[in-house]
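Asks: Just so it is clear: in the sequence shown, position 143 is 143 by the working numbering, and no numbers are missing.
The set of hints was computed from the structure by calculation and includes no laboratory data. Errors might be hidden in some of the hints.
[As the list claims (entries may be wrong)] Between beta-carbon pairs, the in silico distance windows are: (1) R115 to T208: 28 to 36 Å; (2) S157 to K120: 33 to 41 Å; (3) S102 to V147: 33 to 41 Å; (4) L146 to N124: 17 to 25 Å; (5) T230 to R115: 19 to 27 Å; (6) I152 to G228: 32 to 40 Å; (7) L159 to M107: 34 to 42 Å.
[Claimed, not checked] No more than 25 Å apart at the CA atoms, straight line, and that leaves these computed lysine-lysine pairs for PhoX-like: (8) K113 to K123; (9) K248 to K120; (10) K113 to K248; (11) K182 to K149; (12) K154 to K113; (13) K182 to K123.
Everything numeric in this text was worked out from a predicted model, so none of it was measured. For glycine and all other residues, C-beta sits at the position ideal for the given N, C-alpha and C.
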Amino acid sequence: MAATFGNSSLRFQNIFDSRDRLVATMPYFRRKNGLFRESGLFGTYGGWVFLVEDQDVVSFARELRYPIGTRIVSYRSGPDMEYGCLFSRERCTFVKRIDVDSSETLMESIHSKTRNQIRKAYKNGIRTELLNSQNLSDISAIYRELVNKHSIKKPYSELLLQNLLEVDDGSVEVRGAFRADKMISFGVFVVSPDQEFYWMGASNRDGTLYNGINAILWEQMSAAILAGRTEFNFGASPPGNTGLEHFKDRWGAEPRRYRVYLGALHRMAKWIKSHG
1 MAATFGNSSL RFQNIFDSRD RLVATMPYFR RKNGLFRESG LFGTYGGWVF
51 LVEDQDVVSF ARELRYPIGT RIVSYRSGPD MEYGCLFSRE RCTFVKRIDV
101 DSSETLMESI HSKTRNQIRK AYKNGIRTEL LNSQNLSDIS AIYRELVNKH
151 SIKKPYSELL LQNLLEVDDG SVEVRGAFRA DKMISFGVFV VSPDQEFYWM
201 GASNRDGTLY NGINAILWEQ MSAAILAGRT EFNFGASPPG NTGLEHFKDR
251 WGAEPRRYRV YLGALHRMAK WIKSHG
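Whenever a hint applies, use it, and build me the whole structure from the sequences.
Replies: Structure representation (structure tokens):
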């Protein structure tokens, strides 16, 4: 797997031990104002999160404070920063293979309870569509319900939600579920060439009652198949956290352990060039 930085094609595999296998990449949040940064916009804050199948513990300067897709701590200078990488604690995720011929084949691979929930959602008139900045107020209202319900200590800002809706390069998709023209759920997805990442989702009471998130996940998986993606990633959590277990049971996803690497592109490019 390779990515283009400016006019240079740099292969990520050169950064890591040959026994590690690069799984996917995704942009990370810019701490200053919550923006996604792409490979063509690297600089002080520019970079990617590298998902590498865990083989060995690689020692770098500092850990990330948060899981995949959230804010990062400031860089700490040190000799290890020559490698341009930082890494988080070990993470576990559940990944579903979606390299199937059709949505019908995909539906057969899902637990019967989830299939019934998806069918009930459509029977109850649920529809989904991709969202834009005009939907910000509805998204913010649903997210506030989630924050209040679970007493979330560090909620995402409305500016961050707005920035997600304004990403127009295809790396982020925000999908909403509607019933009678009222939004009841939304989900945020980070898209890489071969994978789709379910980054965040929230529902109001109707969304929970009418299975809005399941309808959104189903629509995103179906669209990912058409786009030629082969895996659907349900997010990350510390190993042993049972919060994602239902994705294994209900969606047929398989657990996978990761090390999460952050790369500072300007330093990484220099390191790769110097090491061939």
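Asks: Could you run down the list of hints and mark each one as holding or not?
Replies: Against the structure, the hints come out as follows:
no. : hint                     : result
1   : R115 to T208: 28 to 36 Å : violated (18 Å)
2   : S157 to K120: 33 to 41 Å : holds (34 Å)
3   : S102 to V147: 33 to 41 Å : holds (38 Å)
4   : L146 to N124: 17 to 25 Å : holds (21 Å)
5   : T230 to R115: 19 to 27 Å : holds (22 Å)
6   : I152 to G228: 32 to 40 Å : holds (35 Å)
7   : L159 to M107: 34 to 42 Å : holds (38 Å)
8   : K113 to K123             : holds (15 Å)
9   : K248 to K120             : holds (21 Å)
10  : K113 to K248             : holds (13 Å)
11  : K182 to K149             : holds (20 Å)
12  : K154 to K113             : violated (33 Å)
13  : K182 to K123             : holds (16 Å)
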